[in-house]
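So the sequences go chain by chain: S and P. Residues in the first sequence are numbered from 2 upward in steps of one, following my numbering. Residues in the second sequence are numbered from 4 upward in steps of one, following my numbering.
Keep in mind the hints are simulated off the structure, nothing from the lab. Every residue, glycine too, gets a C-beta built ideally from N, C-alpha and C. Heads up, a few of these hints could be off.
To be verified - Straight-line Cα separation of at most 20 Å, EDC-like style, residue types lysine to aspartate or glutamate; simulated pairs:
#	chain 1	residue 1	chain 2	residue 2
1	P	K64	P	D100
2	S	K419	P	D254
3	S	K40	S	E574
4	P	K272	P	E326
5	P	K272	P	D254
6	P	K156	S	D418
What the hints assert, rightly or not - DEER-style ranges, computed between Cβ atoms:
#	chain 1	residue 1	chain 2	residue 2	range
7	P	E326	S	A748	38 to 44 Å
8	P	D100	S	A748	27 to 33 Å
9	S	E77	P	K329	55 to 61 Å
10	P	Q324	S	S651	33 to 39 Å
11	P	Y49	S	K529	40 to 46 Å
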Amino acid sequence: MRKQGFWGIAAVFGCAVSLFSFPAFAKGGDDAADGSVRKYDIPTGATASPLFGARPFTQKMLQFEEFGTRAIPPEESTNSVTLAPPADCKSSPLGWQIDKVINQKLWPAPMREANTYRPNPWQMKIGNCIGYTLKTSAIEGRPPGELYAHQRYDEFTPQRFFTSVQAGARMNTGARDVWQKHQYSKGEFGPGGLYYNTTGYTGSDGTTNGITPRLHPLMPAQNANSVWTFDGTLPPKLLMARYGEPLLFRHYNGLPIDVSANNGFGHHTITTHEHNGHNPAESDGFAAAYFYPGQYYDYRWPMQLAGYDSINTDASDPHAGMPEANGTITKIRGDWRETMSTHWFHDHMLDFTAQNVYKGNAAMMNYYSAVDRGREGSQCNYSSSANVNLCLPSGTAMGWGNRDYDINLVMADKAWDKNGQLFFNIFNTDGFLGDQMTVNWLWKPYVDVRSRRYRFRILNGSVSRYLKLALVDATGKRVPYWMIANDGNLMEHAIPFPNAQSQDLPTQGIAERFDIVVDFSQFQPGTKLYFINTLEHREGAGPKEEIPLADILSGKYQGDPAVGKFMEFRVKEYAGTDLSMNPADYVEGKKKMVPRATFTAAELASARKRSFEFGRSGGTDEEPWTIKVDGGHGDIADINRVSAAPDVGSLEVWTIKNTSGGWSHPVHVHFEEGQILDRDGKAPPLWEKWARKDVYRVGPEPNSSGTVTMAIRFREFLGSYVEHCHNTQHEDHAMLLRWDVMHPGEAIAIPTPEGGWEGMFYEPSYVLPTWRTGITAAATR
Amino acid sequence: MLDVMKIVARRWRAFARLALTSLSMALLSIASTSPATAQTAWGRDYFPNVTLTTQDNKKVKFYDDMLEGKVVVINFIFTTCTDVCPLDTAQLRKVYDLLGDHPGKDIFLYSISVDPERDTPKAMKTFMNQYEIGKGWTFLTGKREDIDLIQKKLGIQPAGPNPAAHTTSLMLANVPAGSWIKRSPYENPQMIANLLTGHLNAAGMLTADKGTKRSYAEAISVPDPGEAGSLYRTRCAACHTIGAGDTLGPDLYMVTQRRDPKWLARWIKAPDVMIAAKDPVITAQLAQFRNLAMPNLKLSDNDVQEVMAFIERESNFVTAQREAQKTSQHAGHAGHVMQPAPVQGHDHH
């Protein structure tokens with residue numbers, strides 16, 4: 002085993018860690034004005050968010066708004082519209098200018114290598130704002146040349162595209178109405194449907210026109226420098242994507258040139274991570290591959306099943322397929338057991354991810370496939386095992402992508418100042434907690450539902466807050482439901498709740514997605530149900546404990562203000578016929594939804610092993626937090642350092658440990674889904690036993706453990722990826738490491754992109770001793 | 004009717020004036036790149052404007068004099084630290100070197116004492132001289148409660164009465180922009196320098212001449228992946244080179260040949276012990292290097308052997324490079340010789 006670690010010694014002999022007990026670290030930023038330490042530092046470093054007279058459950062929840070995708074024109078458009086510069090250094094372009102880009106035909110045409118042939122269209126403006134003339138600039142912010150060229154571009158040439166501009170908050174003009182798949186004419190989104198009116202107010206029938214960026218109608222609108230979203234608008238955005246159809250996302254950076262025009266938080270350079278797509282590195286949103294105001298970045302997402310190169314290569318398996326509008330399936334290559342369903346994409350800017358995601362850089366993404374096509378009642382697996390469509394609750398109006406009974410929910414805590422403007426404490430790096438819960442960016446909304454089965458795709462979009470959700474009726478009685486997907490991946494079996502291992506949904510770390518199916522047909526129209534958060538935090542480093550439901554409902558519990566009811570369901574009559582599957586038919590011992598790819602004992606034994614210890618032990622003080630790789634030294638993030646380099650095509654077994662003594666870390670591994678083999682040497686709980694994961698909770702919080710061992714395959718694509726703590730304040734300061742997928746035997750480290758207003762260049766990378774060998778060799782050294 | 008028209012016309016004129024004013028305001032703000040005009044939530048209202056004293060006995064205000072309108076680096080130190088903390092200053096010294104003529108011009112470095120009673124201006128001046136620190140990097144002392152408050156506002160746990168418990172993080176900021184980044188002093192110094200001159204300092208680094216078309220084929224050869232290379236890079240390179248001359252500490256080129264290996268191993272293992280024992284060679288060296296003592300890095304015997312082997316290997320590599328250079332000069336390629344690159348564990352070859 003390894004020699005005595007340098008940093009561990011430093012911690013003892015240097016500037017001793019042990020002098021502070023854990024709670025002393027809870028305070029960063031400012032405490033109460035009198036210097037006393039508050040028991041609940043929520044919101045972190047600030048006073049309570051004012052409610053402006055708003056009461057809970059008085060506003061209709063916004064449904065996600067689809068980006069909408071369009072076919073890529075075969076020829077370059079002659080309509081050379083690009084993003085107009087803003088009027089001044091502190092603003093985004095005007096709303097109509099952004100709408101023009103959203104609706105433009107793709108110009109200039111996408112390229113395999115970054116387009117560095119045309120200048121940044123804001124070049125002059127930038128020069129005026131920053132005080133020197135740019136000698137060079139590029140319209141595309143992707144790092145230049147072969148290193149960040151789209152891999153396998155001829156094979157996975159993008160077929161459809163969408164465009165969005167990251168911009169300051171503004172009123173929605175309904176520019177995307179025409180791109181909604183349902184066209185506000187079908188199902189619950191059509192006239193007479195529950196979601197035809199988008200806000201519950203007159204004038205919102207069949208349009209998002211007029212929606213202002215507010216958390217509640219009684220609260221002030223968010224200023225352009227307080228909130229930065231896709232398009233600059235609400236509702237939050239949703240990408241509807243199909244397997245087998247490569248996509249291009251042209252992401253424009255329309256943020257202010259002056260970095261200070263941010264109302265205290267947020268950084269104007271961005272990089273967009275599609276969490277957790279099977280995407281090549283140049284389109285993964287690598288933390289150092291960020292782009293500047295005025296530029297775009299073409300992300301190309303191949304939308305292929307993992308195992309494309311090795312499994313079902315003749316595309317004969319009917320389970321692997323792309324759903325068509327006419328209800329048929331086009332078969333595709335790859336392993337259908339790797340089918341993914343519920344994703345999100347968000348900023349991944351080095352040092353600034355927490356601020357930017359909190360500020361609005363987060364969208365959701367639904368993957369549609371042969372097995373999960375968003376169409377119930379057609380070729381259903383429950384009618385015949387020869388049918389592959391699982392017929393999850395969705396709707397029937399379209400061949401795929403019905404959202405009538407399939408609802409995306411992003412849950413996040415927020416805080417705002419006395420003027421109602423979003424607040425973030427940039428100095429507390431233990432973690433940032435808001436005191437108010439939002440769903441789809443609205444404070445404590447209600448949603449109308451039919452008395453039938455629904456699918457909810459729940460994303461924890463917080464910065465540092467873990468959730469534990471209970472679903473109860475008005476009397477506080479728990480309502481039964483099934484969990485069907487973990488981290489957006491349909492499980493082998495549906496897990497009923499309550500169950501022997503948990504009454505309520507398991508702890509949901511930051512970025513984790515849980516899909517559940519609730520059957521509202523057991524309730525009379527008029528019934529009201531509630532989502533309750535039961536997991537208490539006192540400070541941002543991690544959750545404290547689960548609060549008994551009875552204490553929350555009785556009002557006895559008066560602690561963390563974000564514990565309690567935060568979302569209401571109002572059951573309405575259903576006149577139609579529910580054609581969705583009954584998850585009870587897919588529980589353990591019955592039918593399977595999506596089986597997991599298995600590993601033989603020999604494969605696991607011969608797999609390369611690596612270990613990653615997330616702890617506070619490094620350095621000479623309590624932070625920055627470190628990750629110890631393969632028993633080496635504790636290191637903080639250094640984007641130039643390659644800590645591991647798995648061979649493409651290989652299986653590895655990774656052990657993720659939390660050695661930070663009381664802190665919690667939801668560890669996210671990019672690019673590939675892993676399967677948890679054990680937690681602290683014991684079998685994982687039900688909802689992980691049948692699952693594929695990309696966030697691995699390690700810590701003392703409920704349903705977690707100190708150590709997770711998981712198996713993960715690296716396939717099809719190469720390049721630089723990361724893994725990190727998804728408490729994004731920990732990630733930014735700087736609990737993140739880089740690993741690269743490489744060809745076997747390759748010994749040249751991939752250089753690291755770095756850049757400025759005038760363009761990106763490459764710096765050399767360096768490597769850890771165990772980068773190619775893993776712990777196997779380290780142990781024998 | 005006419006009156007109404009007049010009123011409307013007047014209003015339009017008023018609007019036009021307003022528009023013109025805001026236009027000229029906009030122009031003004033474009034023309035003025037002084038960052039002091041920018042507004043941020045993390046400014047005068049947030050930071051305590053307490054008085055600190057510099058190594059030159061000058062009184063300065065924390066916000067008015069040290070932060071306002073500046074790109075800054077702040078860390079917390081104490082000069083009598085005998086453990087590994089001297090490495091923090093050595094690491095930052097490396098960043099300072101890489102910043103070229105920026106320090107004092109558009110980037111300002113501050114080291115604030117967490118042991119203000121002992122760290123008098125004179126003590127800090129001596130400390131600076133040991134590290135050969137010049138303009139643009141100020142050492143400060145002051146009242147303990149003021150320094151605790153500064154740390155607290157920066158999201159750093161105040162050290163309290165035990166300076167050894169202090170936080171070593173570097174705070175890097177563009178103050179007027181409200182951009183604050185917390186980094187470790189052990190990070191790659193080049194990255195921190197790039198961050199300061201580039202990302203945090205809009206008017207600083209120009210990247211155009213770095214080339215924009217690199218390919219995978221041009222990727223560097225892989226650095227020594229051995230344990231020793233990693234040890235050397237993180238513990239030694241802040242103060243030493245192999246073949247590129249003396250820096251904070253002596254050039255280590257061929258040191259394993261020049262010194263008795265057993266003696267050298269003892270020195271690397273426990274420099275504090277040998278200094279206390281007044282080893283004659285060390286005493287002479289200390290005088291030559293401004294009494295800047297090597298910290299005890301708590302290396303194991305095995306670590307020490309690996310580092311020594313690494314230094315020897317790298318020295319041989321430098322020798323070979325120099326030979327090759329001579330040969331090519333003799334062969335008449337004088338205009339195109341290999342530079343004798345400073346060896347830092349092959350980091351940037």
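A quick look at each hint next to the structure:
no.: 1; hint: P:K64 x P:D100; verdict: 26 Å, violated
no.: 2; hint: S:K419 x P:D254; verdict: 59 Å, violated
no.: 3; hint: S:K40 x S:E574; verdict: 45 Å, violated
no.: 4; hint: P:K272 x P:E326; verdict: 33 Å, violated
no.: 5; hint: P:K272 x P:D254; verdict: 18 Å, holds
no.: 6; hint: P:K156 x S:D418; verdict: 18 Å, holds
no.: 7; hint: P:E326 x S:A748: 38 to 44 Å; verdict: 26 Å, violated
no.: 8; hint: P:D100 x S:A748: 27 to 33 Å; verdict: 31 Å, holds
no.: 9; hint: S:E77 x P:K329: 55 to 61 Å; verdict: 56 Å, holds
no.: 10; hint: P:Q324 x S:S651: 33 to 39 Å; verdict: 37 Å, holds
no.: 11; hint: P:Y49 x S:K529: 40 to 46 Å; verdict: 43 Å, holds
Checked against the numbered hints listed earlier, the structure breaks hints 1, 2, 3, 4 and 7; every other hint is satisfied.
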